[in-house]
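Colleague: If you want the building blocks of each chain, they are given just below.
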Amino acid sequence: MDKSFVLKLTDLPRRPWFWAFAASVLAFGATTYLTDGRGGAGLLSAALTFAAFSAIVGLGQMFVITLGPGNVDLSIPATMTLAATLALKFMHGETALVLPGLGVALLVGLGAGGFNYALIRLLRIPPIIATLSASFLYQSLAIWSNRGLRIKPPEVLADFTTGSFFGIPNMTLIGLLIAVLSWIVLERSIFGRWVSAFGQNTRAARLSGVPVEVVRAVTYISSAVLASLTGYFLASFSGGAALNMGAEYLLISIAVVVIGGSSIAGGNSNVPGIWGGALLMFLIVSMLNSYGLGAGVRLIMTGTIIIGIVAAASGKGRAV
Amino acid sequence: MQQATGAGVSAPDAPLVALTDARVHFGAVRALDGVSLTISPGECLGLIGHNGAGKSTAVNVINGGLTPTGGQVRYLLADGRDGSGLADAQACGIRSVFQELSLCPNLTVLESLRVIHRDLTGIGWRKVAQGRIAKALAEIFPGHQIEPGMTVGELTLAERQMVEIAAGFSDGRMPARLVILDEPTSSLDAAIARQLLSHINTFCAKGGAVIFISHMLGEVFDVATRIDVMKDGRIIASKPTSEFTQQGLIDAMGHVAAEKSAARAPGSAKTELGEEILKTPEGLSARKGEIVGLAGLAGHGQAEALARFYMSRSGKLGQVKQPEVAFVAGDRGRDGVMPIWSILRNLTLTHLPSLTNRGLVDRDGERRLAADWRSRIGIRTDNMDNLILSLSGGNQQKVLFARALASSAPIVVMDDPMRGVDVGTKQEAYQLIRNEAAGGRSFLWYSTETEEVCQCDRVFVFRNGRISAELTGDNINEENILAASFEMQGVGT
Numbered sequence: 001m002d003k004s005f006v007l008k009l010t011d012l013p014r015r016p017w018f019w020a021f022a023a024s025v026l027a028f029g030a031t032t033y034l035t036d037g038r039g040g041a042g043l044l045s046a047a048l049t050f051a052a053f054s055a056i057v058g059l060g061q062m063f064v065i066t067l068g069p070g071n072v073d074l075s076i077p078a079t080m081t082l083a084a085t086l087a088l089k090f091m092h093g094e095t096a097l098v099l100p101g102l103g104v105a106l107l108v109g110l111g112a113g114g115f116n117y118a119l120i121r122l123l124r125i126p127p128i129i130a131t132l133s134a135s136f137l138y139q140s141l142a143i144w145s146n147r148g149l150r151i152k153p154p155e156v157l158a159d160f161t162t163g164s165f166f167g168i169p170n171m172t173l174i175g176l177l178i179a180v181l182s183w184i185v186l187e188r189s190i191f192g193r194w195v196s197a198f199g200q201n202t203r204a205a206r207l208s209g210v211p212v213e214v215v216r217a218v219t220y221i222s223s224a225v226l227a228s229l230t231g232y233f234l235a236s237f238s239g240g241a242a243l244n245m246g247a248e249y250l251l252i253s254i255a256v257v258v259i260g261g262s263s264i265a266g267g268n269s270n271v272p273g274i275w276g277g278a279l280l281m282f283l284i285v286s287m288l289n290s291y292g293l294g295a296g297v298r299l300i301m302t303g304t305i306i307i308g309i310v311a312a313a314s315g316k317g318r319a320v
Numbered sequence: 001m002q003q004a005t006g007a008g009v010s011a012p013d014a015p016l017v018a019l020t021d022a023r024v025h026f027g028a029v030r031a032l033d034g035v036s037l038t039i040s041p042g043e044c045l046g047l048i049g050h051n052g053a054g055k056s057t058a059v060n061v062i063n064g065g066l067t068p069t070g071g072q073v074r075y076l077l078a079d080g081r082d083g084s085g086l087a088d089a090q091a092c093g094i095r096s097v098f099q100e101l102s103l104c105p106n107l108t109v110l111e112s113l114r115v116i117h118r119d120l121t122g123i124g125w126r127k128v129a130q131g132r133i134a135k136a137l138a139e140i141f142p143g144h145q146i147e148p149g150m151t152v153g154e155l156t157l158a159e160r161q162m163v164e165i166a167a168g169f170s171d172g173r174m175p176a177r178l179v180i181l182d183e184p185t186s187s188l189d190a191a192i193a194r195q196l197l198s199h200i201n202t203f204c205a206k207g208g209a210v211i212f213i214s215h216m217l218g219e220v221f222d223v224a225t226r227i228d229v230m231k232d233g234r235i236i237a238s239k240p241t242s243e244f245t246q247q248g249l250i251d252a253m254g255h256v257a258a259e260k261s262a263a264r265a266p267g268s269a270k271t272e273l274g275e276e277i278l279k280t281p282e283g284l285s286a287r288k289g290e291i292v293g294l295a296g297l298a299g300h301g302q303a304e305a306l307a308r309f310y311m312s313r314s315g316k317l318g319q320v321k322q323p324e325v326a327f328v329a330g331d332r333g334r335d336g337v338m339p340i341w342s343i344l345r346n347l348t349l350t351h352l353p354s355l356t357n358r359g360l361v362d363r364d365g366e367r368r369l370a371a372d373w374r375s376r377i378g379i380r381t382d383n384m385d386n387l388i389l390s391l392s393g394g395n396q397q398k399v400l401f402a403r404a405l406a407s408s409a410p411i412v413v414m415d416d417p418m419r420g421v422d423v424g425t426k427q428e429a430y431q432l433i434r435n436e437a438a439g440g441r442s443f444l445w446y447s448t449e450t451e452e453v454c455q456c457d458r459v460f461v462f463r464n465g466r467i468s469a470e471l472t473g474d475n476i477n478e479e480n481i482l483a484a485s486f487e488m489q490g491v492g493t
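Top to bottom, those sequences are chains L and E.
FYI, our numbering numbers position 294 of the first sequence as 294, with every residue one higher than the one before it.
FYI, our numbering numbers position 328 of the second sequence as 328, with every residue one higher than the one before it.
Derived from the structure by calculation, the hints contain no laboratory data.
Any given hint might turn out to be false.
Listed next, the in silico SDA-like pairs over lysine to any residue satisfying Cα-Cα at most 25 Å (straight line) [unchecked claim]:
1. E/Lys279 - E/Thr450
2. E/Lys321 - L/Glu187
3. E/Lys279 - L/Ser189
4. E/Lys316 - L/Leu137
5. E/Lys135 - E/Gly207
6. E/Lys321 - L/Ile125
7. E/Lys321 - L/Val212
8. E/Lys135 - L/Pro126
9. E/Lys316 - L/Arg124
10. E/Lys321 - L/Trp183
11. E/Lys316 - L/Glu187
12. E/Lys135 - E/Leu197
13. E/Lys316 - L/Val218
14. E/Lys321 - L/Ala179
15. E/Lys316 - L/Ile221
16. E/Lys316 - L/Glu213
17. E/Lys316 - L/Lys152
18. E/Lys316 - L/Gly111
19. L/Lys152 - L/Leu137
20. E/Lys321 - L/Thr202
21. E/Lys288 - L/Glu213
22. E/Lys321 - L/Glu213
23. E/Lys231 - E/Gln431
24. E/Lys316 - L/Arg121
25. E/Lys316 - L/Ile184
26. E/Lys316 - L/Leu186
27. E/Lys316 - L/Leu122
28. E/Lys316 - L/Phe115
29. E/Lys321 - L/Arg188
30. E/Lys316 - L/Ile125
31. E/Lys321 - L/Ile184
32. E/Lys316 - L/Pro126
33. E/Lys316 - L/Ser189
34. E/Lys321 - L/Phe191
35. E/Lys206 - E/Glu219
36. E/Lys316 - L/Leu97
37. E/Lys321 - L/Leu137
38. E/Lys316 - L/Asn289
39. E/Lys316 - L/Val212
40. E/Lys321 - L/Leu186
Looking at chain L on its own, in the form it has when it is part of the complex (with noise of 0.2 Å):
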């Protein structure tokens, strides 16, 4: 029994999410260190709030690239934008619409995932530059619809949003159920095999019997669902809908998936390192700003852990 355990700890290095925690943990002492642990509670709070809000539109991210090469869905900081802006106008920062709003915030993620995979099916777009060119149209839409304003927040949906159940923060709750949920559909569901098998060879797996456009349209549909999500929350946290409010996601999306240990070539994805890739993306900022470095000096470093990481991670027995 013990040399079981033992054998599973010196496994531990070769997951391919396991990097990412090892730095997550390695970037929290080292800003904990600098304070001698004074606001250590404070930052995992922090860390774990915001990195709910990145993990969240990264599990949409990372079923998009799961489909394989030329797959990546550009449109998710618009999307979130659209979604928040009018989530937030719909509800008019009134209590008995909270419910009502999150519908609405829905319902924008199925129509921008639908019109994106569209553009994809009909006009055989890539989807690179269908995404893109379609977040063009929500952003445009975004801002035609409320024109600049910042539209507040139901107080409940603020209070819900920035508290916490049990020390737990909410929205980590959140992210927590939704990576839970995407697990379950990844290993253990049809379409997570479906997703695997479209990601390594689409036309073995239409050959197979996979109905291999749906589980196009329904990944590119998710993953739109689940930024308007973050979108509603992220506005509802932040005391309202700002334009620019999904701009730093796009990045954030994917580098968490890349990050996290999935493969960039599609077919092979894990769900844990989405969570890992989202607290490191938070703690290595937050580490640097601690250390007083300048926002230059804190660009090059996040880049340069970033390729750090990922190559710690392919490097160790990711060869399949």
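Using the hints provided, position chain E relative to the given structure of chain L.
Modeller: This is chain E only, laid out in the frame that chain L set:
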């Protein structure tokens, strides 16, 4: 020094390559377990054995690509020195043509040649390359349709194989002295294969040496001067060709030769056939329980017709649990294998929707299904969780068979599924197909091998993308198929 003293001579004084007790172990797997052999100028060595016997490993040791974990490989260099290792293997003029096609589809024929011939550099290399490949192609396959400027993706499977073979025999920095052909004819039709065989004879008569690996025993008997039989990583028999008989070879390979391929009297099952269950606009049709063959020269539209039919009857969500058609791929890499998955997951892919509960996979049911098929068709592995790519080509093919047959689809489409499959496995597969057909399944079976087509209840011969003849019963024979492949003739019924 490299003069052939006549065909069939097995021991000229200076062998080109000598393996002494070569061993290759991958962990616990003994891919090569003490092989000794020599190949001399003028010899054509036929290497046979069933899938996983170690033939491909032996080839990789001979061409220097794989360093044996034990034993020795020596090459006789052109200047009379002895050598070993990859560089000396190339200096010795050893060329390999692999069974799994290794050309990149986005390169032209010329560029593909440059990948193999490293001396093609500098200004004007295209001209040199063009000279080499055009000469070799014209020499081996007179009347071919391949332009050196075409990209590989535009070529048919057979033409790609022809390019690879021509590259193997072409002039180069070192002239080819030993050419290793691993299953060269499996994607070629009979006429082209014959051209290749006669070229091998000429090449050997001029003092070249060839190692010829094939599951088609007739061809081996045609060209080989000596036959080595491999089993479980060893050479278990090595004699001049004249001392072997076909039956003797099959017995030596260790397969109980189940029955002769002609065991089925043509038309014997006719009476049990059911109603017509498929008809395509181009004229293909099949009845319940019928095995329908698609024949003709390779690349005349058979594979496309099958793919079109398959695509038109699948892909909808409603067809997932009750598929109307299942597909067995012949081009495994392109159409079949999921490379990062285990054997288990590859096997269950098509039938899996029926093993789900509210979208979740019943993993015990999946294991049972895989275990059942593993024993039914004898997949050689100790663990179904191993990666699919750890299997030999023939065993991968068995997994693809199981993937299609495990489903409940009443029609099974097979796109030349026996490519690179050994004789024993073929017999098992034929039996399996017959049993399934007797159980009411219909098969659409495209094959480049006439022997296989002759096992069918009905045969459609393709020519230039169209059906040129429909043969049934006693009309199904090699002469009729060849006649219809080459020229239009009256449709016989």
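Colleague: E/Lys321 and L/Ala179: Cα distance at most 25 Å?
Modeller: Measuring from Cα to Cα gives roughly 28 Å; hence the hint is violated.
Colleague: Between the alpha carbons of E/Lys321 and L/Leu186, is the straight-line distance 25 Å or under?
Modeller: 20 Å, holds
Colleague: Between the alpha carbons of E/Lys316 and L/Gly111, is the straight-line distance 25 Å or under?
Modeller: Answer holds: E/Lys316 to L/Gly111 is near 22 Å, not above 25 Å.
Colleague: Taking only the CA atoms, is the gap from E/Lys316 to L/Pro126 under or equal to 25 Å?
Modeller: Given that 25 Å is the threshold and the Cα spacing comes to 23 Å, the pair holds.
Colleague: Checking one constraint from the list: CA of E/Lys321 to CA of L/Leu137, max 25 Å. Satisfied?
Modeller: 39 Å, violated
Colleague: Mind checking the alpha carbons of E/Lys316 and L/Glu187 for me, to see if they're no more than 25 Å apart?
Modeller: 23 Å, holds
Colleague: Are the Cα atoms of E/Lys316 and L/Leu186 separated by 25 Å or less?
Modeller: 21 Å, holds
Colleague: Regarding the pair E/Lys135 and L/Pro126, is the alpha-carbon distance no greater than 25 Å?
Modeller: 42 Å, violated
Colleague: Given the hinted pair E/Lys321 and L/Glu213, is their Cα-Cα distance within 25 Å?
Modeller: 16 Å, holds
Colleague: Within 25 Å, alpha carbon to alpha carbon, are E/Lys321 and L/Ile125?
Modeller: 31 Å, violated
Colleague: Is E/Lys321 close enough to L/Arg188, meaning Cα to Cα at most 25 Å?
Modeller: Holds: E/Lys321 and L/Arg188 sit about 18 Å apart, inside 25 Å.
Colleague: Straight-line Cα separation of L/Lys152 and L/Leu137 no greater than 25 Å?
Modeller: 24 Å, holds
The structure shown violates the earlier hints numbered 3, 4, 6, 8, 14, 17, 21, 36, 37 and 38.
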